[in-house]
Amino acid sequence: MQFITKISSPLKVMFLGTLFALFLTACGSDPTATPRPTNTPAPEPTPTATLAPGVPTPTPAPPTPTPTRAPTPTPVPDLKELARDHFTGKTITVVVGYGAGGGQDNNARKTAKYLGNYIPGNPRVIVQNKDGADNLLAGQTAWARPSNGLTIVLINNVRTQNQAIAGRPETGFNLFEATYLGNVQISTPGSSATLCARGDIATDLASMLAKADELGRPLRAGVFRAGSWGEILPKYFDIPVKPVPGFTGTATILQGIDQGELEVLVDACTYDQLSRLRPDWIEAGDTIYPIFNHQGKDLKPASSMYEIAGWDYPPNLEDAMDLTDFQTRLLAVARSMGGIVTHPWVIKADTPDFIQQTLLSALEAVTTDPGFVADMAAATRVAGFTPGEEYANYRDSVADAAAGDLAQAVRDFAGIVD
Amino acid sequence: MGVIEAAMAGLSDMANPVVILAILGGAVVGLASGALPATGLPGIIVLISLAVYMDPVVAVALAMGMAAPVQSSDTLPSVLLGVPGSVSSQATIIDGYPMARQGRAGEALGAAYLASLIGGVVAAVLIALVMPMARGVVNLFASPEFLVMALMGVVVVAVVSGGAMLKGLMAATLGMAIASVGTDPGLGLPRFVPDSVPYLLGGFNLIIVVIGIFALPEIMGLIIENRSIATDVSAEDAVRDINEGRWEGMRSVMRNKFLVVRSVALGVIVGIMPGIGGSVVDWLTYAQARATEKGAAESFGTGDIRGVIAPESANNATSAAQLIPTLALGIPGGAYQAVYLGFFLLLGFQPGPRFLNDNMDIVFLIVFSLLLANVFGTIMLLFLSKYFAKIAFISPHVLAPVILSILLVAAFTSKNSYWDLGFLMIVSLVGWHMKRYGWPRPPLIIGFVLGPILERYLSRVLGSYDNLFDAFTRPPSLIIVAVALAIAFYSAKLARESKTSAALLVKKAEAGVADDAAPRVPAGGA
Amino acid sequence: MANDTANAERKGLLDVIRTTQRIITLDIIFRALLGFVFVGMIVAANGMPKTSFGDPSAYPRFVGVIGLTLWVASNLNELVTQLRGKQQGRIYDITFQTTGMSPLVIWMRTGWVFGIMGATIVGVWLLNFHLAIPLFLISYLRFIGKIKWWVAILIGALMELPIGVLYGALIHVVWPESVLERVFDFSLQAPFDYLTRGLPF
Chain C
0 MQFITKISSP LKVMFLGTLF ALFLTACGSD PTATPRPTNT PAPEPTPTAT LAPGVPTPTP
60 APPTPTPTRA PTPTPVPDLK ELARDHFTGK TITVVVGYGA GGGQDNNARK TAKYLGNYIP
120 GNPRVIVQNK DGADNLLAGQ TAWARPSNGL TIVLINNVRT QNQAIAGRPE TGFNLFEATY
180 LGNVQISTPG SSATLCARGD IATDLASMLA KADELGRPLR AGVFRAGSWG EILPKYFDIP
240 VKPVPGFTGT ATILQGIDQG ELEVLVDACT YDQLSRLRPD WIEAGDTIYP IFNHQGKDLK
300 PASSMYEIAG WDYPPNLEDA MDLTDFQTRL LAVARSMGGI VTHPWVIKAD TPDFIQQTLL
360 SALEAVTTDP GFVADMAAAT RVAGFTPGEE YANYRDSVAD AAAGDLAQAV RDFAGIVD
Chain Y
0 MGVIEAAMAG LSDMANPVVI LAILGGAVVG LASGALPATG LPGIIVLISL AVYMDPVVAV
60 ALAMGMAAPV QSSDTLPSVL LGVPGSVSSQ ATIIDGYPMA RQGRAGEALG AAYLASLIGG
120 VVAAVLIALV MPMARGVVNL FASPEFLVMA LMGVVVVAVV SGGAMLKGLM AATLGMAIAS
180 VGTDPGLGLP RFVPDSVPYL LGGFNLIIVV IGIFALPEIM GLIIENRSIA TDVSAEDAVR
240 DINEGRWEGM RSVMRNKFLV VRSVALGVIV GIMPGIGGSV VDWLTYAQAR ATEKGAAESF
300 GTGDIRGVIA PESANNATSA AQLIPTLALG IPGGAYQAVY LGFFLLLGFQ PGPRFLNDNM
360 DIVFLIVFSL LLANVFGTIM LLFLSKYFAK IAFISPHVLA PVILSILLVA AFTSKNSYWD
420 LGFLMIVSLV GWHMKRYGWP RPPLIIGFVL GPILERYLSR VLGSYDNLFD AFTRPPSLII
480 VAVALAIAFY SAKLARESKT SAALLVKKAE AGVADDAAPR VPAGGA
Chain G
0 MANDTANAER KGLLDVIRTT QRIITLDIIF RALLGFVFVG MIVAANGMPK TSFGDPSAYP
60 RFVGVIGLTL WVASNLNELV TQLRGKQQGR IYDITFQTTG MSPLVIWMRT GWVFGIMGAT
120 IVGVWLLNFH LAIPLFLISY LRFIGKIKWW VAILIGALME LPIGVLYGAL IHVVWPESVL
180 ERVFDFSLQA PFDYLTRGLP F
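Quick mapping for you: the protein sequence lines, in order, are chains C, Y and G. Letter by letter, the first sequence follows residues 0 to 417 in numbering that gives the first Met the number 0. Letter by letter, the second sequence follows residues 0 to 525 in numbering that gives the first Met the number 0. Letter by letter, the third sequence follows residues 0 to 200 in numbering that gives the first Met the number 0.
Take the hints with a grain of salt, since some may be wrong.
Ranges of calculated distance between the beta carbons of each label pair, as one might list FRET restraints [said to hold, decoys possible]:
#, chain 1, residue 1, chain 2, residue 2, range
1, Y, 484, G, 39, 54 to 64 Å
2, G, 198, Y, 15, 18 to 28 Å
3, C, 258, G, 184, 40 to 50 Å
4, Y, 477, G, 101, 40 to 50 Å
5, C, 258, Y, 487, 45 to 55 Å
6, G, 78, Y, 428, 21 to 31 Å
7, G, 107, Y, 236, 30 to 40 Å
8, G, 160, Y, 417, 14 to 24 Å
9, C, 297, G, 39, 47 to 57 Å
10, G, 193, Y, 14, 36 to 46 Å
11, G, 138, C, 396, 53 to 63 Å
12, Y, 487, G, 75, 21 to 31 Å
Among the chain G residues that face chain Y by a calculated CB cut under 8 Å, a handful are [unchecked claim]:
#, residue
13, 108
14, 128
15, 130
16, 134
17, 153
Bear in mind the hints are in silico, worked out from the structure with no lab data behind them. Only a predicted model underlies this, so the values are computations on that prediction, with no experimental measurement involved. The C-beta atom is built at its ideal place from N, Cα and C for all residues, glycine as well.
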């Protein structure tokens, strides 16, 4: 039997040398280096038209006024000492329900880079990936660990929605006994889900309805999951739109418009998506036209996009057509379900208070760290603190809506099929 | 930034010794990743962890250095062990492994390295040439083309089933059935998932299926047959073969230039079509080689060098070409590219039209890094081959447990669950049975990969076109259909010719003793 | 006389067993299971709800129907092939090379392979990867592979590099808590995490 027990000297030297070079490369990099996109959009007090000629840049407007809420608790000295004793030498694990490299994984890693600096004791913060079952496995993993603040989970809104609608927790993961710490990002100001039509299809609601009549069928909109606006707009608001499944993300849906397979956009036509993925459409101005704003958020912060494209601000859905009382109430619920930034940071509710306070403060503080803000801006996301109360309120409002005459519509919006 | 300016900027980045070190260091890590069976992703995941702390240019160089040689070094376990080094090196096993058993591992490896190098270099150059117009190129392929490509997989299945076409098609359908476990891609409804097994909501992972169907049965074979991999030659002859065989293998690549060109072209086209992926391109090219090369019907599967050249030319080309839709449109070309997409986002680059406008210099940095890493990786592999080839002589009771351990760890890390291991056992039972009872295994993998693609694009086509005639008479669809029909027709013609010569072989075989290792005589059964 | 009767009965039973083994081979069981899978898909598809968004039953039904059709055709073809005494055509795959080996030996080794895999997996559940894999390697390499003790231990220890360092400490794979760790309340990954505690990620 031949067995390799010796490695030749030149080979050993080469291998070790390469490893050493790799180590030097990793260590020699500036650990505080910030990403180098050539047009980093630094936050500006007012949105400007462009930086480069004709190319819109996502310039985040000043943070919108923080919703009225209780003052952020500041750890009092004895709490700080408690926290220091607790977190010194420890590692906080942030469990992400997606594989490495996904959008939320990126957010978590960027946050992890800075979070430890704002927690007394400066614990190490690492990210663990546990994908599967649409974040449920991540939740179960986190819930199986002790309630000591050393495990935080990022959870998508679908889990909150589903538990709220069902009125009960899922196996091994209970969001009714959870503390939502909040989120490290806010919606890009001016980004509101707007129904947009391909340029050759329609320029406003009247022409869109006429086109559907002419074709004798609803207009095709790409979607990547059941539910959401693609489900309820045709079903409850008589908008002639047909959701076409099989798309795997916003980029593929936009490609569908490019390729002529899709005729309208229901979820993907937002300021941040278009400025990130289709600045040429904005520049051209006639590839797509916004028809109505169903999400209902203020579009003025995206004025740069509208100016460059030469578009009028589309009307809100309730201004574009007469709505019944049922439709009005459904619209309000759907807006609250669809409008909140996804993937809040969550811990178990029985975590000791001083730990909860500490983590809450730290998370909020990270969102004002210039390094973190720049890192997020480079990925065209807006750093900002979305308070945990918003998610708890969202959970409760969905549960209430799911109990009344809107129950089926809420289930449809959530994509729940019986 | 103009193209020339961008190219000069990319070159000036390459003048930085730290960048060169990053590429070479990454290449070493990539070589190791590819050489260990079924462990392609860990390197890039560690890099993602490091990325927030690194200079973006160095990080990109390191990542591309790691990415490039994986598709070359993954040939090592495929040829030497019969275990796929990654999901895109399965087809290499069919002819590469028999070559190793015949003591011709050096020839197989030499051919694979040069073929991979050509594929990688061509695709890297193509990135530079195509990227400015990438969106137009990628947009040529819409839903009907993807559906047709998936259906073309049926042609591939028929070809790689050999003389057991019905069994092969059934295996492919079984693969599609396994792939349907999980959630409905449109509705998110659980499908064939018991309440007590939420693990299955994510479906079966490709790595579990590949390890269970291909890798573990080969390891079992070593123990059951109680022999080392190379049985036909002595260790001394094998070492001599490595030294001479490497060059002979490379000469074989030059002799089969047109096969290389066809395979690279197919690899690039598949790479540009996001989602089809590297896990079927090797079978597609293997099938086209089998269908179009003279004498391939008899010799493929017994150690024909062309059965190594074809998939190896294509898989490097595909993995580089997949960067085109990833960077130009933000649509990942495959599973690895999805991770790379996240990696670029983490560095602060926004793949998509913005990337081409603002970071064209990074595109050229990627191209130059891929070129350097491919060349460096090939040189390293050529140098190391003679050491790796000794693996073929290690006792099965030393090799098998080590490989088995690596595979169990790799399988577990797919979803970090005991269910990974449990289902691995079940899938390996199926793999063992198929190997034992003469069911072709490649069709199962093809069905597993193409099934969801078929489902997804069927939904899109039915939803996006009023008239299927309009969908399938698009020029790109017609071209793909025409190529598929041509392959099918040519393959049938060659099969008819081979039946005639097989009839003569039957008479010769009847005079001799039957040998399981020798190809059985095609008898028209399926 | 009684002995003759007993012997005749035993012979009859052996004949039945041999005939059964010829008919009910593993492959027939596999084929039956395949048929069950395809039929099961069609039945399950019929039970799936139709929605305005799409029909989730379309694809499983498509696969089930195609599969069942192929299943019938393949079984008929197999029957005809067997009756005509022909052999299956060559496939492009690597089969087991077991010519000249006794079937009993083949089955014993097959059982051995699945047995060690199963035992290793149980070992992982009991002891975690950090202990189970090196122990498996060391014992197998030493007692079956017959290599030197120190080489076996070295190889076993080297496996900790991917398990503890690469996957555990660098990638932070979620190794599940084993029975041993649960009972004695400790973590086998902890030493590796401690060694890499200086890393920022």
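Check your understanding: Can you list which hints this structure breaks, lowest number first?
Key -> Checked against the structure, the hints that fail are numbers 1, 3, 4, 5, 15, 16 and 17, while the rest are satisfied.
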